[in-house]
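Novice: Using the sequences and the accompanying hints, generate a full structural model.
Residue numbers (my numbering), protein chains in the order written: chain A, 314 to 430; chain B, 211 to 322.
A hint or two may mislead.
PhoX-like mimics (lysine-lysine), calculated; alpha carbons at most 20 Å apart, straight line [what the hints assert, rightly or not]: (1) Lys309(B) x Lys357(A); (2) Lys215(B) x Lys357(A); (3) Lys264(B) x Lys370(A).
To give a feel for the contact side, a few chain A residues facing chain B, derived at Cβ under 7 Å [to be verified]: (4) Tyr344; (5) Gly355; (6) Val401; (7) Phe403; (8) Phe421.
These are computed hints drawn from the structure, not numbers from a lab.
All C-beta atoms in this analysis are idealised placements derived from N, C-alpha and C, irrespective of residue type, glycine included.
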Amino acid sequence: NAGVTQTPKFRILKIGQSMTLQCTQDMNHNYMYWYRQDPGMGLKLIYYSVGAGITDKGEVPNGYNVSRSTTEDFPLRLELAAPSQTSVYFCASSATPGLVVRNYEQYFGPGTRLTVT
Amino acid sequence: DQQVKQNSPSLSVQEGRISILNCDYTNSMFDYFLWYKKYPAEGPTFLISISSIKDKNEDGRFTVFLNKSAKHLSLHIVPSQPGDSAVYFCAASAGGGNKLTFGTGTQLKVEL
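Specialist: What follows is the structure, given as structure tokens:
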């Protein structure tokens with residue numbers, strides 16, 4: 314199992330450009346998430362999905378869009394890149410919590426370091 | 211409003227000694243807590259968790275303690291090893307949901 318994979322690892326964007334950060338998981342997890350981590354800060358939730366076709370906003374969704382057409386893939390789209398979007402982006406996935414076992418463990422990808430100049 | 215706080219940005223401990231990392235939270239709806247470990251240029255990896263119905267959970271060298279009345283949890287690592295040097299994040303979840311709120315992290319350095 315590769316777990317959660319993210320591409321690209323690094324990217325430099327000019328202000329106003331757009332790009333898609335790719336995320337794929339092979340654990341058959343229903344739940345997937347996108348976080349950003351700014352220097353010296355914790356991870357902040359951008360968007361999440363509880364299954365194919367279902368997405369919802371997290372804490373910091375402005376400037377981003379997501380889609381979830383399959384269980385495996387959860388791409389994050391930046392339409393008009395701004396310097397404030399310079400950050401490290403992490404994708405994660407988790408199983409659906411069971412009725413008996415409450416398992417909220419999330420599995421993270423290696424991250425994409427994005428710089429907008 | 212920082213609902214999960216890790217007030218110590220860094221901690222330095224000698225190899226073989228105990229490392230104690232602390233985390234405070236303000237949201238009384240949090241009922242599940244997790245610790246993640248992160249090495250540079252890698253994603254966070256799950257370490258240990260605890261439900262609010264417990265006050266202690268142990269896994270090998272790692273023990274998490276939860277004090278609900280003080281809204282405080284701590285991670286104990288005994289004995290500390292150089293490979294434990296990493297950033298440790300505390301995270302919390304509320305009401306049966308999978309959305310996690312993370313603290314800002316504590317950089318642990320275990321010295322020889």
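Novice: Compare the structure with each hint and give your call.
Specialist: Taking the hints in turn, this is what the structure says about them:
1. Distance restraint check for Lys309(B) and Lys357(A): the Cα-Cα separation of roughly 10 Å lies within the 20 Å cut-off, and the hinted pair is therefore satisfied.
2. Between Lys215(B) and Lys357(A) the alpha-carbon distance is near 13 Å, which keeps this suggested pair within the 20 Å criterion.
3. Pair hint Lys264(B) plus Lys370(A) does not hold up; C-alpha atoms about 31 Å apart against a cutoff of 20 Å.
4. With its C-beta approaching chain B no nearer than about 5 Å, Tyr344(A) sits inside the 7 Å limit, and its interface hint holds.
5. Interface restraint check: Gly355(A) against chain B, minimum CB-CB distance 4 Å, threshold 7 Å, status holds.
6. Interface hint at Val401(A): violated, since its Cβ lies 9 Å from the closest Cβ of chain B, which is beyond the 7 Å cut-off.
7. The criterion of a C-beta within 7 Å of any C-beta in chain B is met by Phe403(A), whose closest approach is roughly 5 Å, and the hint holds.
8. The restraint placing Phe421(A) at the interface with chain B holds, with a minimum CB-CB distance near 3 Å, inside the 7 Å limit.
Checked against the numbered hints above, the structure breaks hints 3 and 6 and satisfies the rest.
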